[in-house]
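These are the residues of each chain, in order.
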Amino acid sequence: MSTTGTVSVPVRRRAPVLGTGLAVLLVALAAVAFLSVSLGSRSISLADVLRALSDMTVTSTDGSVTLEMRVPRTLLGILVGAALGVSGAVLQGVTRNPLADPGIMGINAGAAAFVVLAITVLGLRGISAYIWFAFLGAAVATLLVYAVASLGREGATPVKLALAGVAVTAGLTSVTTGIVMTDVDALNELRFWQVGSLAGRYAPILFGVAPFLGLGLVAALACGRSLNGLALGEDTARALGLNLARTRLLLFAVVAVLCGAATAACGPIVFVGLVVPHIARVLCGPDYRWILPYSLLLSPIALLLADIAGRVLGSPGELQVGVVLGVAGAPCFVALVRYGRMAEL
Amino acid sequence: MLSAGLVLSACGSAAEDSGSDSSGPWSFVDGSGETVKLDEIPKRIIAHAGEAAALMSFGIRPVGIYGDESVKTDPNLKDLDLDGIEILGEEWGVIDVEKAAELDPDLIVADWWPAEKAHGGFEEGVEEKSLKLAELAPVVGATQGESILSLAQGYEKLAESLGADVDDPELAADKNAFEEALSRFKEVVASKPELTVLAVSPSDDLLYVANPEYAPELLDFQEWGLKVINPDSPDKGFPYWENLSWENADKYQPDLLMIDSRQFDSTLAQAEKHPTWQTIRAAKADAIIQWPAFWLHTYGDYAQALEILADDLEKADENIGD
Amino acid sequence: MPTVTTAVRSGKTALARRSVVVTAVLGVVAFAAFVLSMMVGSVWLGAGEVLGSLFRVTVDRGTDFIVLDLRLPQATSALTVGFALGVSGTLFQQLLRNPLAAPDFVGVSSGASVAAVAGIVVYGAGGLAVPAMAVVGALVSAVLMYVLAFRDGLSGYRFILVGIGVSAFMIGVVGYLLTRADLHDARQAMHWLIGSVGQAGPTELRVLMVVLVALVPVAMLLQRQLRALELGDDLARGLGTRVEWARFALIALPVVLIGLATAVAGPIQFVALVAGPVAARLLRPAPGGVLAAGFTGAAVLLMADMVARHVLPTELPTGVVTGAVGAPYLLWLLATANREGVGG
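Top to bottom, those sequences are chains R, W and Y. Straight run, no breaks: the first sequence in full-length UniProt numbering ends on number 345. Straight run, no breaks: the second sequence in full-length UniProt numbering ends on number 322. Straight run, no breaks: the third sequence in full-length UniProt numbering ends on number 344.
Treat the hints as calculated values from the structure; they're not laboratory data. There's no promise every hint is true.
[Claimed, not checked] Label-pair restraints from in silico Cβ distances: (1) R:S43 to W:G59: 55 to 61 Å; (2) W:Q263 to R:S54: 36 to 42 Å; (3) Y:V43 to W:D286: 51 to 57 Å.
A virtual CB, placed ideally from N, CA and C, is assigned to each residue, including glycine.
Could you build the full structure based on these sequences and the hints that come with them?
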């Protein structure tokens, strides 16, 4: 009796606080995005950046760099970051597994392998042609990993999920490498996916994936209630009137679209989808209706910051964002295993 | 390991001089500066792709060829009849030494790369097994890196030592064609004193600007009067290029851009994906010509390349850049 | 009473005999694969020609060059790397009592790669420095994992999960090093990262062979300690085992072997994972042995290398084949594991 009271009252009281938090994050994201547009290997004065942004027409090289290179890159970073964070949150919810992550679960590797097959076997070129294969690959890898991990008496435990992900990633990477080593054209195209990166992605790629990412994000945000239901366990969820099979299928489809599109655009980017939802959970508690929007805003902040760090640290060249996140995210992962909910393992 | 005895005694038997016999002894000063001596004039030769083309232009047919790419696409081997010649490798760093051993070669011909202190095919990073090719026979070649002309001359000298009659009128025709092409090239260049040229290699992540110091054909062009721009800060570890991020693509403003002729179309398409490509005025004006960036080895090929370049330069506008 | 003891004793001798016979058979299989791998190529040779050349019975310049100069180094590299991977894999798996605790996908071999690549790329290291750095790299990442995973004892699962994290971290660092490198040849970088028996340099190979000869007897002795440790620390101590020392040696030895194997052939995946359990299954009901696992690893890698070089239309790095075969095996292991195999 008293539990319902103690739970519901603070939640209601926290709604305005959490809402304010979202607004703060939105401002922070805007600030980071502005930083990302104003920094780069070419030094452009703040005044010139602002002039380019207000004119929105390209008259000089500075304007071209700002509007045609950095703005699309930043927008893509925001969309891809959001997609990875949100899909991580959804995955963790639907598998009820704190270690679920698009990178660890081999979903990015699946997308990359299918894209390479599309390039070599079917001769497809350009992102609009092979994005569908990225979706397919992401879906296949997700289902394979989840299915293998679910076999056995105790179901999809974190360890089994992680190991199945490692195995699927290794197998698919072998296939991808095997194909690529025999096909120079594919090797050139694959350089795009080897390490996750935002470099060299301009308007055509942004426009190619934006509709899918937008749609996927909206769909994911609408799933907060279902995820809350799943979090209560199968029996309770069923009692709440949830069609478990259909809900899970829908959620996996959303994840496949988000991760497939993100990978097709930027290559494999790990750990954002794993770590950010946990930070979101610390900030706003177990309610997915809050976790999802928090992940939506926190992930692009993390991704853009890592991208900026890569540009600053790698100067005069640049360090791919996938590498920065791989190095920075792994300690978070280990900490999670050691101190988080995984500690009882 | 144990069968080092297979290596033909390149230096061991040099002391013996059989004199008048036209079949030997034979010696050649390699690009590395070392003199290679054999008892007899080598007949069975395995050569690297471009070097094979050079020997074949003087009528000497190798028994085996190894290249860095498919012999079908290698520009150095274009239009050559390779019938009966064993193909030992079509990928950099990978040579089928087992097949090569079956050919029982007397000599291996490959350019000497002074920067890497190795002959072509024996550089650092190739498969450990490929290096064993050198155990089958001595390796000689002309020096790479200073001039394409001296490369052609080097193989002329090698061919002569191997018994080719380089003064044969049919063979000399190529050389004459080269002399003519060269004088026309110089004329055209002299008529456009303001013209500047930049050799670039656009890629997905960077715009590479060629450093003529490491590109023998660009050094030749400079020597013959063409103003090929020297980039001011080549990469320290890999000084063949200056690496420009695409944000800084407009750093140099030449009148004319040169792109590697081997993958001209696909490279250009790659460049055009980047919005700042158009901030190079020459690119915007479509003043882009083919750069024969593969190491030509024969007078005939070089003559052809110079003719094409002279045509392009004749049409060029020397006021695009500045 | 006497009948029982005889029964037990004869059971024991039967098991011991089975163990010796199976190990010997595995050794013969590994040697057969070793010889076979020297028969195939652009020029096919008979087993007699290979053996004759190998043992200097026949002398034929052409055959000797192909067998001794061209094929023997690669075959030796596959044999020794496979053996080292098999031995270290089975020691890890037995110590952590988990078939998934193979040093190739917890971060040990990626740690060795990082150090070796850093040595080559950043310091221009060559010769003996590369295997030395690889061993140091493997040791550092093993210590790191041990420290990070140790919490009121060492749990196999936590060790594996931490290992996966450390591995991802190390792979990120290798990616960073390679982007900073002058390795303009993407193909070459990929070759190294996937692992290939053919890239072995003579110095690294010689070091690995010497160390293997020195350490395999040690590993066989340690196997006894392992049995004692399985009974629990207190009981082991009671039996006269110096527990801490034994555990340290049981981790250090496989780590050194993995480091050297990585220096020779790059991070080849799944051989260490597969060799131990396969050998154990063949030996059953006799207990798994270090030698048997080593022979199995050698045979697996030799065959994988033959497939990589000759069966497929283009020559591929060995790691592509071990990855493509090992991944389904790991999935099968996960899918069929019972509670004590893979809990959570």
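Violations among the numbered hints, reported as their numbers in ascending order: When the structure is compared with the hints, none of them turns out to be violated.
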